[in-house]
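Q: Since the structure of chain F is already known, use the hints to place chains A, H and B on it.
Going down the list, the sequences are from chains F, A, H and B. Residue 278 is where the first sequence ends in this note's numbering, and the numbering goes up by one at each step. Residue 278 is where the second sequence ends in this note's numbering, and the numbering goes up by one at each step. Residue 278 is where the third sequence ends in this note's numbering, and the numbering goes up by one at each step. Residue 278 is where the fourth sequence ends in this note's numbering, and the numbering goes up by one at each step.
None of these hints come from the bench; they were simulated from the model. Cβ atoms here follow ideal geometry from the backbone N, Cα and C, with glycine treated the same way. There may be inaccurate statements among the hints.
[Stated by the list, open to error] Here are the simulated lysine to any residue pairs, SDA-like style, with alpha carbons at most 25 Å apart:
no., chain 1, residue 1, chain 2, residue 2
1, A, LYS87, A, GLN154
2, H, LYS135, A, GLU113
3, A, LYS79, A, PRO99
4, F, LYS117, B, GLU7
5, F, LYS183, B, ILE105
6, F, LYS135, F, ARG102
7, B, LYS20, B, PRO276
8, H, LYS135, A, LYS57
9, H, LYS103, F, ILE265
10, H, LYS270, F, ASN209
11, F, LYS20, F, HIS31
12, A, LYS117, H, ILE105
13, F, LYS57, F, PRO99
14, A, LYS270, B, PRO276
15, H, LYS183, B, ASP225
16, A, LYS185, H, LYS135
17, B, LYS183, H, ARG269
18, F, LYS79, B, MET70
19, F, LYS185, B, CYS275
20, B, LYS103, B, PHE84
21, F, LYS117, B, PRO276
22, A, LYS183, A, GLU113
23, H, LYS183, B, SER227
24, H, LYS135, H, THR50
25, B, LYS183, F, ASP213
26, B, LYS71, F, GLU113
27, A, LYS79, A, LYS185
[As the list claims (entries may be wrong)] Facing chain B, a subset of chain F residues (Cβ under 10 Å, in silico):
no., residue
28, GLY59
29, GLU61
30, GLY104
31, TYR134
32, LEU136
33, ARG140
34, TRP142
35, ALA168
36, SER172
37, GLY178
[Claimed, not checked] Label pairs and their calculated CB-CB ranges:
no., chain 1, residue 1, chain 2, residue 2, range
38, F, GLU141, H, ASP137, 54 to 60 Å
39, A, ARG269, F, GLU141, 37 to 43 Å
40, B, PRO106, A, PRO276, 47 to 53 Å
4 protein chains.
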Amino acid sequence: MITNLLEGKKGIIFGALNNKSIAWHVAEKAHGQGARLVLTNAPVAIRMGTIAELAEKTGSEVISADATSMKDLEALFMKSMEIFDGKIDFVLHSIGMSPNVRKGIPYAEISYENMLKTLDISALSFHRILQTAYKLDAIREWGSVIALTYVAAQRTLAGYNDMGDAKALLESIARSFGYIYGKEKHVRVNTVSQSPTATTAGEGIMGFNALVDFSDRMSPLGNADASDCADVCITLFSDLTRKITMQNIFNDGGFASMGMSQRAIEQYRKSFDECPDK
Amino acid sequence: MITNLLEGKKGIIFGALNNKSIAWHVAEKAHGQGARLVLTNAPVAIRMGTIAELAEKTGSEVISADATSMKDLEALFMKSMEIFDGKIDFVLHSIGMSPNVRKGIPYAEISYENMLKTLDISALSFHRILQTAYKLDAIREWGSVIALTYVAAQRTLAGYNDMGDAKALLESIARSFGYIYGKEKHVRVNTVSQSPTATTAGEGIMGFNALVDFSDRMSPLGNADASDCADVCITLFSDLTRKITMQNIFNDGGFASMGMSQRAIEQYRKSFDECPDK
Amino acid sequence: MITNLLEGKKGIIFGALNNKSIAWHVAEKAHGQGARLVLTNAPVAIRMGTIAELAEKTGSEVISADATSMKDLEALFMKSMEIFDGKIDFVLHSIGMSPNVRKGIPYAEISYENMLKTLDISALSFHRILQTAYKLDAIREWGSVIALTYVAAQRTLAGYNDMGDAKALLESIARSFGYIYGKEKHVRVNTVSQSPTATTAGEGIMGFNALVDFSDRMSPLGNADASDCADVCITLFSDLTRKITMQNIFNDGGFASMGMSQRAIEQYRKSFDECPDK
Amino acid sequence: MITNLLEGKKGIIFGALNNKSIAWHVAEKAHGQGARLVLTNAPVAIRMGTIAELAEKTGSEVISADATSMKDLEALFMKSMEIFDGKIDFVLHSIGMSPNVRKGIPYAEISYENMLKTLDISALSFHRILQTAYKLDAIREWGSVIALTYVAAQRTLAGYNDMGDAKALLESIARSFGYIYGKEKHVRVNTVSQSPTATTAGEGIMGFNALVDFSDRMSPLGNADASDCADVCITLFSDLTRKITMQNIFNDGGFASMGMSQRAIEQYRKSFDECPDK
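Bound-form chain F, shown alone (with noise of 0.2 Å):
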């Protein structure tokens, strides 16, 4: 099936790194809807990924900005206008990085200093982007903003440090700023909250793996990948979402719903077994 659900739309995606990242597959999946694009990242992320190649596939530029600068922001958005000769219908928010989980500082003895770097880059970085845009009224009306997030927005996981905190707060903003957005310029604010995923991002939680096999286990689908999280943004970038705003949206494969699954609770039980005697 072909189909062209993002024809003569235009957009920007912050966050791709290399072909493990969420926003890689987006890109890539937004291109073949016939989207155009405009690739950002911080200039340390430029250099040490492989952002280069995505722009090459995907015919888009690559224009570096560090989302916690609003300089950078502003020039971001009017080189992209530039080069759309136009508005932006869609921006993807995938940016997310904690010095405490960097450092290995435990929750209970973070730095402030520390957390209010979290919390800048990992959400106040999309109101930042968001109100860039909304000065700049560079979001065509019916626009779409999307942000990725974590179940640890609403239910604590252990090691997760004060990444959780950062994702609530990021689906506050996606809330507050939303209203204001949709009733100026009927711009919607979203954020899909994505199962746990093997991305050089998730690598830096602690005991990761065994958590990817539980909630995989947990989930009657299985876990959500890059792939299927990049064919969701596209449903909520396109047309068909144009009165869904200020939600989160679970691409989980069930996880959010679930209370305890057959099989994860099997080999739970396994856990308990003994080693037969010799």
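A: Leaving out everything else, chains A, H and B in the frame of chain F:
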């Protein structure tokens, strides 16, 4: 933009009474996206409504079925598979009726015979449909089933009577069966929670007009209408949302995430204005 | 610490079967806080259990009542007001039973006759109690009504069958009737969502032991037991919570807000250990 | 009824400015239940308010502390343990301030320096208090910590600005730290979500009066006031709620579970009335 998101897919649509019905719009849009359809409703609804017109427009067959009769449902699914020469890809449940609402019996005085009927027609019918499809293995792998619901499942609305309870039960059934159908057949089951819409069904609720106005002013994007809802159903029937299951998707212009909007509070304030002395 | 939080208050406790019942503990603690009680249960439960012992301990009368019979409920409330020489201050609903669970019928194969019975006994009984009290004006202003529930109302648990749906319906009824009883008589209606507890009722659920272990390891404070639950009920019956209504209070050691704990994931990891070669 | 629910317990109360403050009422009621207290606030709030009066009434000491200063907080906890000659049983956090609200800067134009201050003062201060107590092992096993919050954490309120985001972050911190403090020391951490109350802090929000009226008409029991909130805090500080943690308790007369009440919609309808022609 012409797309063919449901090309080759076959679906059963429950609940199209007339062109104000959400199910009617879903059928039209699904057909427009390339799907083949079977339309169904209770015998009395078929007589009272204009479903034949929809059938003609969409090249569909109409099969009469009482959604509380397992015999009818079995015949419906068998016949549909025969018509389609194969399994079904998607199902829409848009069924709700409360004898207590109809007869104007207040919630604190309801008869339980009536309430059990409300639950049976509005919620258990969804389980019956799922059980029938599951037993007959009538839905293709990664198929999609949707039931329409309302925010009354989460928050009490004066006059909505036992329909709020029925919707809460309906959403729970979507989760409970969604788990089983997901793990066994990768079939996903979701609900779409829609703005109050001026359908024939909605007209039964007291004070509906003021509520619709309030809801519209509260929602940054305004109320979602039947056509908006149909669009969202298309995305959920499509292959782009294969890992979303057991979810309740609010398609309501932002209402569910609003505490108070400026437009609604400004209107509310006017209620305290006094008429000037003559 | 000796307190008399319920001094002068009179309550009706539904559902004490034996000393493992949560209702039993609530009765003991309410009595300890100065309340006078009427104990009630279905005739068969009175015969099977040891409620007479509880009645003696707490100086209460036992009145047999089938919670699905309006006649029985009316007699119960009339008789209770006679015994108390006045209105009732609080009511506990601890009633749940699923013929489908009892008979081991899987959720995807349930009979709807059974399911309607599950709903009638486990959820509509709560409406019946509230309607009866409301009609007889049997509950004093600012009285308090509680029903016990479980997280299965929000998240699906394998094997919990139609009890999850019944609990979702029960919680909805608490909200719907809570609105009416609140505005008319300032009576508050809440539910308490309790950790899985090894009661006679819980024993019917498959794989219950592993689930209880998992739940305990997930909960930072461990599972809440019947005595903990009784304590919370005391606070909700007391005058200290007069503006809390239509709420579902999780008394579960933190479980409902956990995504994954260190203790649970460490245990889970052990399930992948292989026995050493001999 | 005289009870001594907090007999022998010692607590620290943050945020009592004057007798309109919720914290003031909590202090009075906790004292009335037998607790010994230390009162604390920021130096400027101590100067502006009348905390000395409260200290005298409750026989408490006042210790000045800036809740964003780890040095101040450490001194506060050390000094309090000295005064109490032992560990602390409970803590109330009632702290919130947004420079953006104060300066009337709209949410879509806020400065991030301001927003980070809002988050630091209103949310990170809670983490700082918890971290300080945790490091000093200052809270007794099964102690209880509460922060006050508002439904704006879940639903957007026009004009509430970045305080909604701050409250969402605050509630997330309660969960995240609640997990750690729970598993390590059995200390529980909860938030109480209160009706809008006409405190000095609330006065800063635009259109507050109409909102308070609407909220009151929506809530079947009417808005909860500071005294109601204090009662609920007493129950959460007491030993009767030892397994409740990581929860957000709505003490709001039912508001959070309401979609629309008869009283509110009737008032709303009046807004459409036209004045009679002369």
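Q: A separate judgement is required for each hint: does it hold in the structure or not?
A: Each hint, compared with the structure:
1. A/LYS87 - A/GLN154: Status violated; Cα separation ~34 Å.
2. H/LYS135 - A/GLU113: 18 Å, holds
3. A/LYS79 - A/PRO99: The hint is violated at about 31 Å.
4. F/LYS117 - B/GLU7: 43 Å, violated
5. F/LYS183 - B/ILE105: 18 Å, holds
6. F/LYS135 - F/ARG102: 34 Å, violated
7. B/LYS20 - B/PRO276: Violated. B/LYS20 to B/PRO276 sits at ~42 Å, over the 25 Å cutoff.
8. H/LYS135 - A/LYS57: Roughly 52 Å between the alpha carbons, so the hint for H/LYS135 and A/LYS57 is violated.
9. H/LYS103 - F/ILE265: Distance of about 22 Å is within 25 Å: holds.
10. H/LYS270 - F/ASN209: Holds, at roughly 13 Å.
11. F/LYS20 - F/HIS31: 17 Å, holds
12. A/LYS117 - H/ILE105: Holds: A/LYS117 and H/ILE105 sit about 23 Å apart, inside 25 Å.
13. F/LYS57 - F/PRO99: 32 Å, violated
14. A/LYS270 - B/PRO276: With Cα atoms ~16 Å apart, A/LYS270 and B/PRO276 stay inside 25 Å; holds.
15. H/LYS183 - B/ASP225: With a Cα-Cα distance of about 17 Å, the restraint between H/LYS183 and B/ASP225 holds, given a limit of 25 Å.
16. A/LYS185 - H/LYS135: 48 Å, violated
17. B/LYS183 - H/ARG269: Between B/LYS183 and H/ARG269 the Cα gap is close to 19 Å, so the pair holds against 25 Å.
18. F/LYS79 - B/MET70: 44 Å, violated
19. F/LYS185 - B/CYS275: 34 Å, violated
20. B/LYS103 - B/PHE84: It is violated: about 40 Å lies between the C-alpha atoms, which goes past 25 Å.
21. F/LYS117 - B/PRO276: 60 Å, violated
22. A/LYS183 - A/GLU113: 35 Å, violated
23. H/LYS183 - B/SER227: 20 Å, holds
24. H/LYS135 - H/THR50: 31 Å, violated
25. B/LYS183 - F/ASP213: Within the cut-off at roughly 24 Å; holds.
26. B/LYS71 - F/GLU113: 15 Å, holds
27. A/LYS79 - A/LYS185: Holds, because 21 Å separates the two Cα atoms, which is no more than 25 Å.
28. GLY59: 33 Å, violated
29. GLU61: Violated - the Cβ of F/GLU61 stays beyond 10 Å from chain B, reaching only about 27 Å at its closest.
30. GLY104: Not OK, violated: F/GLY104 not within 10 Å of chain B, min 15 Å.
31. TYR134: Hint on F/TYR134: holds, closest Cβ of chain B at ~5 Å, below 10 Å.
32. LEU136: At about 12 Å, which exceeds the 10 Å cut-off, the nearest Cβ of chain B leaves the hint on F/LEU136 violated.
33. ARG140: Cβ of F/ARG140 sits 17 Å from chain B, so the hint is violated.
34. TRP142: 18 Å, violated
35. ALA168: 4 Å, holds
36. SER172: Where the cut-off is 10 Å and the nearest Cβ of chain B is about 4 Å from F/SER172, the hint holds.
37. GLY178: Nearest chain B Cβ about 8 Å off; hint holds.
38. F/GLU141 - H/ASP137: 54 to 60 Å: 55 Å, holds
39. A/ARG269 - F/GLU141: 37 to 43 Å: For A/ARG269 and F/GLU141 the Cβ distance comes to about 28 Å; the hint is violated.
40. B/PRO106 - A/PRO276: 47 to 53 Å: 33 Å, violated
Comparing the model with each earlier hint shows violations of hints 1, 3, 4, 6, 7, 8, 13, 16, 18, 19, 20, 21, 22, 24, 28, 29, 30, 32, 33, 34, 39 and 40; every other hint is respected.
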